[in-house]
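First to last, the protein sequences are chains A and B.
Going by the UniProt record's numbering, the first sequence opens with residue 1, and the numbers climb by one from there.
Going by the UniProt record's numbering, the second sequence opens with residue 1, and the numbers climb by one from there.
Since the hints were made in silico from the structure, they are not lab data.
Computed from a predicted model, the values in this text were never measured in an experiment.
Just so you know, even glycine gets a beta-carbon here, dropped at the ideal spot from N, CA and C.
One thing to keep in mind: the hints can contain errors.
Here are the simulated lysine-lysine pairs, DSSO-like style, with alpha carbons at most 30 Å apart [stated by the list, open to error]: (1) B/K290 x A/K47; (2) B/K291 x A/K35; (3) B/K217 x A/K35; (4) A/K214 x B/K86; (5) B/K350 x B/K369; (6) A/K132 x B/K83; (7) B/K301 x B/K350; (8) A/K59 x B/K72; (9) A/K59 x B/K285; (10) A/K214 x B/K83; (11) B/K216 x A/K35; (12) B/K96 x A/K214; (13) B/K72 x A/K35; (14) B/K290 x B/K333; (15) A/K132 x B/K216; (16) A/K35 x B/K285; (17) B/K370 x A/K132; (18) B/K83 x B/K96; (19) A/K214 x B/K370; (20) B/K455 x B/K291; (21) B/K83 x B/K333; (22) A/K214 x B/K72; (23) B/K455 x A/K47; (24) B/K189 x A/K47; (25) B/K369 x A/K35; (26) A/K132 x B/K72.
Among chain A residues calculated to face chain B with C-beta under 7 Å, some are [what the hints assert, rightly or not]: (27) N115; (28) V119; (29) Y122; (30) L150; (31) E174; (32) M209; (33) K214; (34) R226; (35) F233.
Okay, the calculated beta carbon distance ranges per label pair [claimed, not checked]: (36) B/Q514 x A/I135: 45 to 55 Å; (37) A/F49 x B/D193: 25 to 35 Å; (38) A/I45 x B/G281: 43 to 53 Å; (39) A/G154 x B/D497: 52 to 62 Å; (40) B/D497 x A/I135: 35 to 45 Å.
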Amino acid sequence: MKRNNIVIHLILAGFALICLLPFVLIVSTSLMHEKDIALFGYSFIPKRFTLMAYEVILKNPQQLINSYAVTIAVTLIGTAVGLWLTATIAYVMTRKDYKYRNKISFYVFFTMLFNGGLVPSYILISRWLGMKNTIFALFVPYLVNAWFVLLMKGFLQSIPHSLVESAKIDGAGEFKIFVKIILPIAKPAIATVGLFMVLQYWNDWWLSMLFIDKENLYTLQYLLIRVMRNLEFLNTEFARKYLNLAQVEIPTLSARMAMSVLAAGPMLFVFPFFQKYFVKGLTVGSVKG
Amino acid sequence: MRKTSSSIFVAVFTIAMALSGCGKSEGGNAASDSASPAQSSAAAEASQAPNKQPIDFVELTWYMPPPTSPEKNMDNVMSEVNKYVKEKINASLTIKFIDWGSYEEKMKVMSAAGDPYDLVFTTNWINKLPLNVAKGAFVPLDDLLRQYGPHIMEKIESKYWPAVTFQGKRFAIPNPTTYASTSSFSFKKELVDKYNFDYKNAHTLKDIEPFLEAVKKGEPGITPLLAMNLATPGMSDLNTQRDSITNFIQYDLKTGEFLTIFDDPVGKELAKTLSDFYKKGYIAKDAATKKDWTLEGKSGKYAVMPSPGAYSEDGSKATSVYGFPCYESLYAKNIVSTASVQSVGTAISKSSKNPERAMMLLDLIYSDKKFFNLLAYGIEGQDYKVVSEQGTDNPTVETNAEVTWAVWHPWIGSLFDQWPSNWNSQTALDKMRRDNDESTISPLLGFNFDPEPVKREISQVQAIVDEITPVLWTGTAADTDKYLQGAKDRAAKAGLDKVVAEVKKQYEAWKIAQG
Chain A
1 MKRNNIVIHL
11 ILAGFALICL
21 LPFVLIVSTS
31 LMHEKDIALF
41 GYSFIPKRFT
51 LMAYEVILKN
61 PQQLINSYAV
71 TIAVTLIGTA
81 VGLWLTATIA
91 YVMTRKDYKY
101 RNKISFYVFF
111 TMLFNGGLVP
121 SYILISRWLG
131 MKNTIFALFV
141 PYLVNAWFVL
151 LMKGFLQSIP
161 HSLVESAKID
171 GAGEFKIFVK
181 IILPIAKPAI
191 ATVGLFMVLQ
201 YWNDWWLSML
211 FIDKENLYTL
221 QYLLIRVMRN
231 LEFLNTEFAR
241 KYLNLAQVEI
251 PTLSARMAMS
261 VLAAGPMLFV
271 FPFFQKYFVK
281 GLTVGSVKG
Chain B
1 MRKTSSSIFV
11 AVFTIAMALS
21 GCGKSEGGNA
31 ASDSASPAQS
41 SAAAEASQAP
51 NKQPIDFVEL
61 TWYMPPPTSP
71 EKNMDNVMSE
81 VNKYVKEKIN
91 ASLTIKFIDW
101 GSYEEKMKVM
111 SAAGDPYDLV
121 FTTNWINKLP
131 LNVAKGAFVP
141 LDDLLRQYGP
151 HIMEKIESKY
161 WPAVTFQGKR
171 FAIPNPTTYA
181 STSSFSFKKE
191 LVDKYNFDYK
201 NAHTLKDIEP
211 FLEAVKKGEP
221 GITPLLAMNL
231 ATPGMSDLNT
241 QRDSITNFIQ
251 YDLKTGEFLT
261 IFDDPVGKEL
271 AKTLSDFYKK
281 GYIAKDAATK
291 KDWTLEGKSG
301 KYAVMPSPGA
311 YSEDGSKATS
321 VYGFPCYESL
331 YAKNIVSTAS
341 VQSVGTAISK
351 SSKNPERAMM
361 LLDLIYSDKK
371 FFNLLAYGIE
381 GQDYKVVSEQ
391 GTDNPTVETN
401 AEVTWAVWHP
411 WIGSLFDQWP
421 SNWNSQTALD
431 KMRRDNDEST
441 ISPLLGFNFD
451 PEPVKREISQ
461 VQAIVDEITP
471 VLWTGTAADT
481 DKYLQGAKDR
491 AAKAGLDKVV
501 AEVKKQYEAW
511 KIAQG
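Produce the entire structure from the sequences given, and follow the hints as far as they go.
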């Protein structure tokens, strides 16, 4: 019995190690000299230890802090508003006594198959809604995602209608029913969709690229991707044509890893908190009682 | 607790409602004032006599990729620039640097959506000029140049204009730069000195063979030749003059014929030489699968490496690329082609509300060396210091070790108006200018092949080309003739002939249009 346990533990520990190793490799590569990477390849223990990659990326710490703030703000606001909208739409779609239920369902579904395309969306956001270079452009376009709505609808459908009816008999209004009865039950679903949304907002750089020209509104991912691409450019022939970079060793490979560390770090800590809901959320379809 | 959470939801909901509401009203304004003023102001400006001091203050925006980053001193430089711009043409200038990966996409979307911007960086390799012209994103510049751009007309030789002319109209300003690119073998200095190799007279793969042989014998840890796909050095020679139409079709200036990579006698000969080298062990066994030649070169494990991007007589380019002392020897000199003249230029957007003022700004850059160099080098004392000839219109300067501001001169004006500096010495600038003047100009200058009609065939043939070049240009094919023939048969099936026919057809049509 005891022995069995040890074997299982060893297997699981080995598996955990396999999951962990790539990240360790990323961290150690980010601390390597660019030249050593070229000479000896990626390795777990840096031959010579350097923080140059981080120095290059963090050259402007104010900008990084600022971008962190923007990303956190966008993620929080976007997720909160997005969850509310998603939950409300999904909820009315599950209410059998709602007249336009099918029409709304179709409308949501339709946008999954067909969308306006890049240019019309751009015109809508930047000109009609006038959101260019405002923080709204960073979260409004992602507020309602048809796929998340359908996911949420799937969860909410498992709540029996009689619950709504009994609340009504007790004198609760529609709004109260939704907020006090439906939402607490749907917590796992909200956590699941919420996590998706958090990830979506956290990892997004596309919206910043399209709509933001001002540096103080850059999101973290866009800032990092920008640093990366500019470093890559400085390592190309075009750059050399213009500038003699003899003395500078530009860390492209190690910087890439350093950036992953900076960008992925916070998410690594957020994920475990959501995880317990995440598992529950996936199994919520099975009705209890 | 419950109370607060529900009130937060309500608050959020109202905000969302309010947002969509106010957005709409703003949208109405934006839409109405975006369309008409462009035309009306254009009309007003046109009716004014040329060269008169413009009256209204306007704001100009200029989009380009970031030349270097971060641009630490941007605020100071731009405020200095704007003082000048305000005084000279009563305008302000905002430069927007869009990072390399996003630049093309962003400009495409902005042009398609009609977002107003004035000046834009356009080339044949990013934010492509021919595509933009085809889409009608840029305004023709002829009238503007005549009225507001006398200095530009003066500084750009008339022989180069055809490269940016489409259907008889000029659509970009081809900023003078080095038009004829050069390629060179890069030699590791240490080894050349050790084996006493006469690198100065080695201009072909055959010429460097004795050196490769000596290195192979005497240096067990060193691979003699760094060969890698398109980077392999020596894949052209000084006698060959070609103009590339696509990645696999070239126009031969001597014979006046279009050649494909599959039946190019010069290329075939070189591939055979490489194959010979490979068999003799001069090329790494896994050369065909390597991807990053700079990285490989930097490792210092090679004796002869790819061209550092351009030839420098003292080997400084190669030294800077590879990070250890190098020699260079020239092996190819390209001709001035449509692609090379288009390699860096400025266009005025169709959505610009003030194309006249934008042209005035460009003319200011071409006429005023001090302003031009301010825009490119930054501010004296902050970004660079004057080394000699202080106070003249051509001082020699030196930029800070850490670049705090830079816009590469050819991106905005003429490279030859650059003040000599640690970037380019006066000798180097004069040499580049001489090289331009002495270079052969392609008879196809101004011919832009439109791949659209044979897009499918091109991508299929390109896939075959992408597959064979890493093998051919590293000499790793067992039998070069057979391998090439096999690829040719497959390319024929993929529609190579159709592509060649289309190139010829467009070329003939272009020739007739030229008269």
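Results for each hint:
1. B/K290 x A/K47: Between B/K290 and A/K47 the Cα gap is close to 24 Å, so the pair holds against 30 Å.
2. B/K291 x A/K35: Distance ~16 Å between B/K291 and A/K35 Cα, so the pair holds.
3. B/K217 x A/K35: Judged against 30 Å, a Cα distance of about 27 Å means the pair holds.
4. A/K214 x B/K86: Holds, at about 23 Å.
5. B/K350 x B/K369: 28 Å, holds
6. A/K132 x B/K83: Holds: A/K132 and B/K83 sit about 27 Å apart, inside 30 Å.
7. B/K301 x B/K350: Between B/K301 and B/K350 the Cα gap is close to 52 Å, so the pair fails against 30 Å, i.e. violated.
8. A/K59 x B/K72: 10 Å, holds
9. A/K59 x B/K285: 41 Å, violated
10. A/K214 x B/K83: OK: A/K214 and B/K83 at ~22 Å, within 30 Å.
11. B/K216 x A/K35: 24 Å, holds
12. B/K96 x A/K214: With a Cα-Cα distance of about 9 Å, the restraint between B/K96 and A/K214 holds, given a limit of 30 Å.
13. B/K72 x A/K35: 27 Å, holds
14. B/K290 x B/K333: Given pair B/K290, B/K333 holds - Cα atoms ~26 Å apart, limit 30 Å.
15. A/K132 x B/K216: Since the Cα atoms of A/K132 and B/K216 sit roughly 61 Å apart, the hinted pair is violated (cutoff 30 Å).
16. A/K35 x B/K285: Roughly 22 Å separates the two Cα atoms, so the pair holds.
17. B/K370 x A/K132: 35 Å, violated
18. B/K83 x B/K96: Holds, at roughly 18 Å.
19. A/K214 x B/K370: 29 Å, holds
20. B/K455 x B/K291: Holds, because 27 Å separates the two Cα atoms, which is no more than 30 Å.
21. B/K83 x B/K333: The given pair, whose Cα atoms are some 43 Å apart, is violated under the 30 Å limit.
22. A/K214 x B/K72: Given that 30 Å is the threshold and the Cα spacing comes to 15 Å, the pair holds.
23. B/K455 x A/K47: Violated: B/K455 and A/K47 sit about 49 Å apart, past 30 Å.
24. B/K189 x A/K47: Holds, at about 27 Å.
25. B/K369 x A/K35: 40 Å, violated
26. A/K132 x B/K72: Since the Cα atoms of A/K132 and B/K72 sit roughly 25 Å apart, the hinted pair holds (cutoff 30 Å).
27. N115: 15 Å, violated
28. V119: A/V119 check passes; min Cβ-Cβ to chain B is 4 Å, inside 7 Å.
29. Y122: 5 Å, holds
30. L150: 21 Å, violated
31. E174: 13 Å, violated
32. M209: 4 Å, holds
33. K214: With a closest approach of 10 Å, the A/K214 hint is violated.
34. R226: 4 Å, holds
35. F233: Holds - the Cβ of A/F233 comes within 7 Å of chain B, reaching about 5 Å at its closest.
36. B/Q514 x A/I135: 45 to 55 Å: 53 Å, holds
37. A/F49 x B/D193: 25 to 35 Å: 34 Å, holds
38. A/I45 x B/G281: 43 to 53 Å: 33 Å, violated
39. A/G154 x B/D497: 52 to 62 Å: 55 Å, holds
40. B/D497 x A/I135: 35 to 45 Å: 56 Å, violated
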